[in-house]
Amino acid sequence: MSRVELNRISKRFPTVTALKEVSFGFEHGEFFVLLGPTGAGKTTTLRIVAGLEKQDSGTVSMDGQIVDQRTPAERDVAFVFQQYSLYPTMTVYDNLAFPLRSPLRKTAEPQIKTRVEAAAEKLRIAHLLKRKTAQLSGGEMQRVAIGRAIVREPRLFLMDEPLSNLDAKLREALRVELKHLQKTQGSTTLFVTHDQIEALTMADRIAVLSQGQVVQQGTPEDIYDRPATTFVAQLVGTPKINLLPASCQEREVRVQGSGICLPAPRLQLPETFLLGVRPEDIRPDPQGAFGAEVTLTEPLGVETILHLKAGELALLGLVPGMVSWRVGDRIRFSIVEDKLHFFGPDKRRIAKERT
Amino acid sequence: MATIELQKVEKKFGELHAVKPLDLTIGDGEFVVLLGPSGCGKTTTLRMISGLETVTGGRILLNGSEVTWKHPSERDMAFVFQFYALYSHLSVRQNIAFPLQAQGMKREAVDKRVNEVVEILRIRPLLRQRPGKLSGGDQQRVALARALVRRPAAFLMDEPLGALDAELRESMRAEIKNLHLAQHATTVYVTHDQIEAMAMGDRIVVMSEAEVQQVGTPVEVYNNPANLFVARFIGSPGMNLVKGRLSGGAVRTAAGGSYEVPAPWRQPLAECLDAQGELTLGFRPEAARVTPDGSLAGEVYASEMHGGHTVLHVNIGAGEIVHIRSDRQSAYPMGTAVRFAVDPEMARFFNPRTGAAVRREADG
Numbered sequence: 188m189s190r191v192e193l194n195r196i197s198k199r200f201p202t203v204t205a206l207k208e209v210s211f212g213f214e215h216g217e218f219f220v221l222l223g224p225t226g227a228g229k230t231t232t233l234r235i236v237a238g239l240e241k242q243d244s245g246t247v248s249m250d251g252q253i254v255d256q257r258t259p260a261e262r263d264v265a266f267v268f269q270q271y272s273l274y275p276t277m278t279v280y281d282n283l284a285f286p287l288r289s290p291l292r293k294t295a296e297p298q299i300k301t302r303v304e305a306a307a308e309k310l311r312i313a314h315l316l317k318r319k320t321a322q323l324s325g326g327e328m329q330r331v332a333i334g335r336a337i338v339r340e341p342r343l344f345l346m347d348e349p350l351s352n353l354d355a356k357l358r359e360a361l362r363v364e365l366k367h368l369q370k371t372q373g374s375t376t377l378f379v380t381h382d383q384i385e386a387l388t389m390a391d392r393i394a395v396l397s398q399g400q401v402v403q404q405g406t407p408e409d410i411y412d413r414p415a416t417t418f419v420a421q422l423v424g425t426p427k428i429n430l431l432p433a434s435c436q437e438r439e440v441r442v443q444g445s446g447i448c449l450p451a452p453r454l455q456l457p458e459t460f461l462l463g464v465r466p467e468d469i470r471p472d473p474q475g476a477f478g479a480e481v482t483l484t485e486p487l488g489v490e491t492i493l494h495l496k497a498g499e500l501a502l503l504g505l506v507p508g509m510v511s512w513r514v515g516d517r518i519r520f521s522i523v524e525d526k527l528h529f530f531g532p533d534k535r536r537i538a539k540e541r542t
Numbered sequence: 089m090a091t092i093e094l095q096k097v098e099k100k101f102g103e104l105h106a107v108k109p110l111d112l113t114i115g116d117g118e119f120v121v122l123l124g125p126s127g128c129g130k131t132t133t134l135r136m137i138s139g140l141e142t143v144t145g146g147r148i149l150l151n152g153s154e155v156t157w158k159h160p161s162e163r164d165m166a167f168v169f170q171f172y173a174l175y176s177h178l179s180v181r182q183n184i185a186f187p188l189q190a191q192g193m194k195r196e197a198v199d200k201r202v203n204e205v206v207e208i209l210r211i212r213p214l215l216r217q218r219p220g221k222l223s224g225g226d227q228q229r230v231a232l233a234r235a236l237v238r239r240p241a242a243f244l245m246d247e248p249l250g251a252l253d254a255e256l257r258e259s260m261r262a263e264i265k266n267l268h269l270a271q272h273a274t275t276v277y278v279t280h281d282q283i284e285a286m287a288m289g290d291r292i293v294v295m296s297e298a299e300v301q302q303v304g305t306p307v308e309v310y311n312n313p314a315n316l317f318v319a320r321f322i323g324s325p326g327m328n329l330v331k332g333r334l335s336g337g338a339v340r341t342a343a344g345g346s347y348e349v350p351a352p353w354r355q356p357l358a359e360c361l362d363a364q365g366e367l368t369l370g371f372r373p374e375a376a377r378v379t380p381d382g383s384l385a386g387e388v389y390a391s392e393m394h395g396g397h398t399v400l401h402v403n404i405g406a407g408e409i410v411h412i413r414s415d416r417q418s419a420y421p422m423g424t425a426v427r428f429a430v431d432p433e434m435a436r437f438f439n440p441r442t443g444a445a446v447r448r449e450a451d452g
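Sequence lines, in order, name chains A and B. Using this note's numbering, you'd call the opening residue of the first sequence number 188 and step up by one each time. Using this note's numbering, you'd call the opening residue of the second sequence number 89 and step up by one each time.
Just so you know, the hints here were simulated from the structure itself, not pulled from any lab data. A hint or two may mislead.
What the hints assert, rightly or not - Straight-line Cα separation of at most 27 Å, BS3-like style, residue types lysine-lysine; simulated pairs: (1) K108(B) to K356(A); (2) K534(A) to K207(A); (3) K241(A) to K207(A); (4) K309(A) to K331(B); (5) K309(A) to K356(A); (6) K158(B) to K108(B); (7) K100(B) to K158(B); (8) K96(B) to K108(B); (9) K331(B) to K356(A).
What the hints assert, rightly or not - Some chain A residues near chain B, calculated using beta-carbon distances under 10 Å: (10) A355; (11) R362; (12) T371; (13) D468; (14) G488; (15) E490; (16) V514.
All figures in this text were calculated on a predicted structure; none of them were measured in a lab. From the three backbone atoms N, C-alpha and C, an ideal C-beta is built for every residue, glycine too.
If we strip away everything but chain B, and leave its shape as in the complex, we get (with noise of 0.2 Å):
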């Protein structure tokens, strides 16, 4: 059971930010991603929150009591990281004993946890093994039941899924979130994956260059993203950004291009913009859809093929090129003209001096 509470938490090295202050609760049995390219300073705000960091300024708060200066093994939270940092020379079973013989606890009630997590994580048949002996999912299963058997009051993993392929990464996401399901023991979790934080978490801080870009659930930093920055990063491929000057009530595109704004978006569209109107228009792959009665209009530069899905890449001039997601049926050769619209529901607006989004009053 745990709340952590970051109070305009820094890092500095030197006169350099790792971290710029930064404000975030994070509830009790919350799943919390941050998220962000490297070097961003996920990683350096997670360790901030273990101990294994200290803190340039600012407060960190555990259930409501200051843990800022308190050694890692008083905080009471579990690390789980990239590469598993199991013992090889141990056998699973004492690789996931280990941290609480080193409490001192008295083996009966060692045996009993340790039976009690290895069910949960499905590994009873690798006891026995040495770790090195195992698949790299496994040992990553390993080093959680490590982590799981001290119950912990709140889990902070860095990247534990960064050193599997693929394939694995998926399942291993899913066991990590059904994990978390039936525990429900707060986690703050790290990764530069995009579709991981989306698929993961309960909330995602997107960081970019030391600062936190946007805080909310899956949903709002995808349909509504604060800025530039997260209309990009997030979404594979990300959101479409298409640079305008707004005039007698449309967006005119460097390429000749014109779109309509709808009307939610004409009042806080004047308020905040400057006298040349300039705008960027952004719209996921899925908003935009081909039809020959498109306002927008560009040439097919490539067209790919996702499996259940189509992905066209269209050429709209000034050098931009625009994602529209599409059903298989329409795959179009190279040099196509097209024409396209825009949902006037999911479109969206940025100012590009800035890179804030235009926010509606019903956004809030």
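Isolated chain A, as found in the complex (with noise of 0.2 Å):
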């Protein structure tokens, strides 16, 4: 059982401040992600919740505990990194029980057995117990990584990009299989990643940092679907979103240099804004009241990215399959008007309503 609460943590160090006041909280079970780019303070954020790194100000407290004084060890938490930090001496077997032998813990032997065996199993590693670490691929390395954090069933599991030393296929079914074993054991972990696919696909809930400061909280449709500024809806979604300078005029959103025009939404616009549009919400379509020449196409199978040129502006649109556009082809689209996000001139959402 466990539920985390890091209330207005900061963090200095010398030269930089690395965390500000950052409050987040997530329950037993939950898969909680922290996402950022480099230097946002996401790995510091998972060492302070660790306890191998002090925080200046502010309190982490867990089942409604603080543990501020708490050791690492008596605070129960198993820690993945990216580096998979075995003993390459060691059978697998050994590493996987490592953790329960140690003095702390001293497990009988019949029940590490028990233990080790069956979590194995469930990383799908059984067949490897008795091969020494260094002879394993990067994919069963993690797994065995990963193993280790399980077999002791800790409370907590803080996991630093796990996954971004493997290749793309492998990143690719090791993140389901995380998921998967995550939700059959409903252990609580809190996940470290720059990297926005992760995020969305794994996490029941995301807080993004940017700067030591958690800019937004919420499911991964909230932070898709509504994200609370600019740079959390250029964090996510690839290809990237476009921010378009626009103005309102006539009850009619404009954007400039661009013949785009759309009917205003109810909410209180400023005079100028940025219109965000994600990709898949350009459509091409013949009866499409917009014009844009194709400006360069990328099939990537399953889709195609089309960099369009509408008048002077610049559009990037994501549509299904293959086209047979080419360079220079002129197309016809529309915009779906329900998916619209509005961004002031500080770079928040709109979200006001006119009245």
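Both chains come to you apart, so use the hints to assemble them.
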């Protein structure tokens, strides 16, 4: 059982402020992801939760108890790092058994055997138990590292970019398995990544960090469908969201230099603002109200990225399948009107409705 | 202007083949991508084309004349590496001008050429800076400018975007492609990233274990992979590959599912399968659709929200998990039993023993 709560955590390093009043909490059984670019403060946050780093102010509590005075061991967390940090000369079995044999736990060998075998089964590494870890592939090593964390049945898993050293195919496969495992075990996990796809696909909830501050918290749907700032809007989704300089005149949203003109939403819009349009919401359509020239096509197989020029404006579109348009072709398109995003001059999402 | 021809080009280190005999003709102005996992021989192939690596056998022709044993500097090709290899003690301008000065070109002519390429790559504001101060993307632009300024017959690029972060990689990918569209210089581009290969290549040469697996346009390698390796490697996630047995005009899967063989495939399958009828059914994640009357079934193993769409991972038994791409509305909780259908137009078949794709007449 574990509910974890961070309350106004701040941390300064000699030259930089790493964290500024970071607050978030998550429940037992939740998969919580900290998402942000390099240097955002993700790893520092994780280390403070583990007790490996001491915050300057604020509190960390677990199940309602403040744990700031507890050592990492007393907090009963298991860490999985980007580097596998396995013992290369030991077998997979001994690596998995290692945390259970520590003087703190001193588990009986028959019980160790049961738990090691159960963990190996779940991670599909039962056939590797007798091998030395140095003989394993990267994906297998990371499975062992995860296995070493789960044998202990800790109250909280802390994972710091555990998939980022793996190649694309392995990362995809292990991502799915990790999620399946977490849900079947009901374990509580705090997972750090800079990869927006990992965050969207794995998380129950996400906190987006930027320059030591939480800029948005919510479900993957909240983050993707209702980004709180232009930073969040650009961080999630690939290709990146189009952010178009626009103004509102006579109940119409007009995008500068493009001829794009849309009915105004029921929002209090300032004179000028940024209109956000996700690439998949730009739909080629022979009856579409707008025209553009194709400047580049990038076929990815399942879909194609269209680089468009509407008047003076560069736009990215994402369409299903492979397309036959060529560079220089003119196309008509429409924009999905109920999926637009509006951001004010302060880069924040405009949500207030007009009266 | 260049055509490059590889005739039975191979490379051995001792008894080990780094590249097995390879035939490839790269047309003038073509953008050809050598794609494969690390150790597949793609970089060795590129280095043989450039002359940085000698061949163990075969011939390399540039515009019809043999260059197999010519020094790299006599081949008129410019190399762009993953690591920018810029001179840190020289300014950006001096870095770009360097290859021309080394040829003894007059100052005015050098300035003219440098001005042209900085315009194309939009790096004029950087000219006085040192490379060490620049971002990864700008450093790679300078490296491209230095290659471009020589006006070589061909560009050889070895994972030029490999060191950049995901976001920058995406925008630089489009920049390099735009550059190619503007210049139409013959380009051979090495990458392990199938997305890059699909997005950029006029043609893709898929390599694995020192051997070419398939040469084709992005549409060809995606829609009609030549074998199981290509089917898995191209696409994210790759093609679903389900083992089964042909019986009574349908594929029976190990877990008890069944899939009626679409009519155009009956004859070719009958001709190329052995008596046991073992085969592998392949279909892309977007070719499958969850529907109550689907003939295949499984249990949701995990459901992933990808922003604009959802990927369902369905455990169909016998240790096989298939990936189904669907809209955001059809997200199912783990453990839900689902049935799904596969678009008969998009079904593919492979011989599991050889790994080769079964071909229809229409595929030629």
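Now the hints, each set against the structure:
Distance hint between K108(B) and K356(A) is fulfilled; the C-alpha atoms sit about 25 Å from each other, no more than 27 Å. Between K534(A) and K207(A), the direct Cα distance comes to roughly 20 Å. Compliance with the 27 Å bound is thereby established for this hinted pair. Taking the CA atoms of K241(A) and K207(A), the gap is near 14 Å; set against the 27 Å cutoff, the hint holds. Pair hint K309(A) plus K331(B) holds up; C-alpha atoms about 23 Å apart against a cutoff of 27 Å.
Distance check on the hinted pair: K309(A) and K356(A) sit about 20 Å apart at the alpha-carbon level, within 27 Å; holds. Pair hint K158(B) plus K108(B) holds up; C-alpha atoms about 21 Å apart against a cutoff of 27 Å. Taking the CA atoms of K100(B) and K158(B), the gap is near 19 Å; set against the 27 Å cutoff, the hint holds. Distance restraint check for K96(B) and K108(B): the Cα-Cα separation of roughly 8 Å lies within the 27 Å cut-off, and the hinted pair is therefore satisfied.
Of the supplied pair hints, the one linking K331(B) and K356(A) holds, its CA atoms being roughly 20 Å apart against a limit of 27 Å. With a cut of 10 Å, the hint placing A355(A) at the interface with chain B holds, because the nearest CB-to-CB distance is about 7 Å. Hint status for R362(A) relative to chain B: holds, with the closest Cβ pair at about 8 Å, below 10 Å. Because the beta carbon of T371(A) sits about 8 Å from the nearest beta carbon in chain B, less than 10 Å, this interface hint is met.
A cut of 10 Å between beta carbons decides the hint on D468(A): the least distance to chain B is about 9 Å, and the hint holds. Annotation: interface hint on G488(A) holds; nearest CB of chain B at approximately 4 Å, less than 10 Å. Here the hint on E490(A) is kept, as its CB sits about 9 Å from the closest CB of chain B, short of 10 Å. Interface restraint check for V514(A): the shortest CB-CB distance to chain B comes to about 6 Å, inside 10 Å, so the restraint holds.
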